[in-house]
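Residues per chain, in single letters:
2 protein chains.
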Amino acid sequence: MKLISLIEQIKLKKSYLCVGIDPDLEKIPKHIRNQEDPIYSFSKSIIDSTVKFAVAFKFNIAFFEAYGIKGFISMEKLIKYVKNKYPNVFTIADAKRGDIGNSSDRYAKAFFENFGFDSITVSPYMGRDSIEPFLSFENRHTIILALTSNSGAEDFQFISSEGKKVYEHVIDESKKWRGNENIMYVVGATKARYIEKIRKLTPDTFLLIPGIGAQGGSLEEVSSLGINKNIGILINSSRAIIYASSDEDFAKKAAEEAKNIQIRMEVILKEKSII
Amino acid sequence: MKLISLIEQIKLKKSYLCVGIDPDLEKIPKHIRNQEDPIYSFSKSIIDSTVKFAVAFKFNIAFFEAYGIKGFISMEKLIKYVKNKYPNVFTIADAKRGDIGNSSDRYAKAFFENFGFDSITVSPYMGRDSIEPFLSFENRHTIILALTSNSGAEDFQFISSEGKKVYEHVIDESKKWRGNENIMYVVGATKARYIEKIRKLTPDTFLLIPGIGAQGGSLEEVSSLGINKNIGILINSSRAIIYASSDEDFAKKAAEEAKNIQIRMEVILKEKSII
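If you're matching them up, the sequences are chains C and G in order. For the first sequence, this note's numbering assigns the number 1 to the initial residue and increments by one for each residue that follows. For the second sequence, this note's numbering assigns the number 1 to the initial residue and increments by one for each residue that follows.
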């Protein structure tokens, strides 16, 4: 998917919401658990009910992989359904892959070609040659972990050298890599005060911002700091939306939660004179 | 698998060789490609022919994931075959996973419980809470990327702060984590001169050392620097063994390559008075 199409969709839907699909058999409504493919049924209902308010869906690959081959079958069905039914939706494989070149090349093919995701999250620890294989796909987007939303982010991402922290080195270095036009970065909403700094390092790049809702980040704060002239941010919410209710009304409640966020995003986009 | 059993196996087989299983349909012998499950058939033949000379097998998950659901089915069949037929072999899922806590928990269950691997490689970028879920499994081993064998390793792992490089921070910090007795580290053979330093930081931990053979590291050099009183190293070779021949004799040639390495390892273990 072209970046320009994503930007158009944001303006059209007045939303830069990404809904995170973390299907958990212990959390999904009881009446779905006995269906033939509960992971698929649940996720599909969530997508159908929230797609009006969201421009992107982030598949948390761990949650599919946890169910082994069955989980992968559900994931494949689900991504095919989304690509077919909602071709204008931006799809993210939240896989956090990264390996030596010939292995990263395999992961890139798996997610971009076989499954057909528009983007994938990757870990930068192994450096340039572990990420360039992903960057070589045109109109596919590689979302590099820069500053993550979890508490452990501080262990290594904040190590400081030559006046820059590791996550700043990651941004600075990756800007030099082949295919850098296909880079986005993950920046946790729980680290909002760093977004201003990150925008100076990389004013034009899209940021994928998880960590509002269950993890505690503020939508208004990160939006105010992160939005650039092309919007430039996607804000993800997973649990607060998809597990808004564990009853038969789960899809309706998820839609309500997504709509609430979309309305706040519309206000912000108008304040910024983007729409 | 208990660490003590791995050490016993090393002494018994006079080998600390790990064979890397990177099945690539474009490289495996032509006469296998038309079989029903070529990935499984090829990998199984390699394992059967080299298991006499190797104590561990490292499944490169990218190479299975590249073939989608089919690849996962092959992988599941293969790991079940190995666990059943060769229960004393140490199995490694070379997956390089790592995510926020509740997602890492999923990956841990997928690889340790569903597939039944003895160990998994993980990326430390997201810090403590991204790795502790793996460490909580008893007698399962979490192999943290410290200093990798690829050229990109220098981009971020060598960033220096307070007299220590990032990979040294990773080793020092991770030693404080809950379940640290289940940690091993990845150290590339191409970075042999750093192994001495790493041994000072972590004298007792097992190191998984890829990068001899195709990537150019020296078996004798890394062995001399890395071996401790409990041996403490596994040396991986993938392509040089499994693609030693692309003809019908591929399994025999793979066994010869593995045996050549085992013989050199036996000499080293004797020189060190370990056997």
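Honestly, the hints are just simulated from the structure, not real lab data. Just so you know, not all the hints are guaranteed correct.
Which copy? The list can't say, so a pair holds if one copy fits it or any two copies do.
[As the list claims (entries may be wrong)] In silico lysine-lysine, DSS-like type, Cα no more than 25 Å apart, as pairs: (1) K252 with K175; (2) K270 with K175; (3) K70 with K270; (4) K197 with K30; (5) K259 with K44; (6) K70 with K30; (7) K85 with K197; (8) K229 with K83; (9) K270 with K44; (10) K77 with K109; (11) K165 with K176.
Keep in mind the model is a prediction, meaning the values are calculated, not measured.
Hints, verified against the model:
1. Neither within a single protomer nor between protomers do K252 and K175 lie at most 25 Å apart by alpha-carbon distance, with minima of 42 Å and 47 Å respectively.
2. In the homo-oligomer, the alpha carbons of K270 and K175 never lie at most 25 Å apart, since the shortest distance is 31 Å inside one protomer and 50 Å across protomers.
3. Taking the shortest Cα distances, K70 and K270 never come within 25 Å of each other, neither inside one copy (44 Å) nor across copies (48 Å).
4. Taking identical chains as interchangeable, the C-alpha atoms of K197 and K30 are never at most 25 Å apart, the minima being 45 Å within one chain and 54 Å between chains.
5. In this assembly of identical chains, the alpha carbons of K259 and K44 lie at most 25 Å apart only when taken from the same copy (17 Å versus 52 Å across copies).
6. In this homomeric assembly, K70 and K30 come within 25 Å of each other (Cα to Cα) only inside a single copy, at 19 Å, whereas the closest approach across copies is 30 Å.
7. For the homomeric pair K85 and K197, neither the shortest alpha-carbon distance inside one copy (38 Å) nor that between copies (55 Å) is at most 25 Å.
8. Neither within a single protomer nor between protomers do K229 and K83 lie at most 25 Å apart by alpha-carbon distance, with minima of 28 Å and 55 Å respectively.
9. Neither within a single protomer nor between protomers do K270 and K44 lie at most 25 Å apart by alpha-carbon distance, with minima of 31 Å and 61 Å respectively.
10. Taking the shortest alpha-carbon separations for K77 and K109, both the intra-copy value of 18 Å and the inter-copy value of 23 Å come in at or below 25 Å.
11. Proximity of K165 and K176 under a CA criterion of 25 Å is satisfied in both settings, with 18 Å inside one chain copy and 22 Å between copies.
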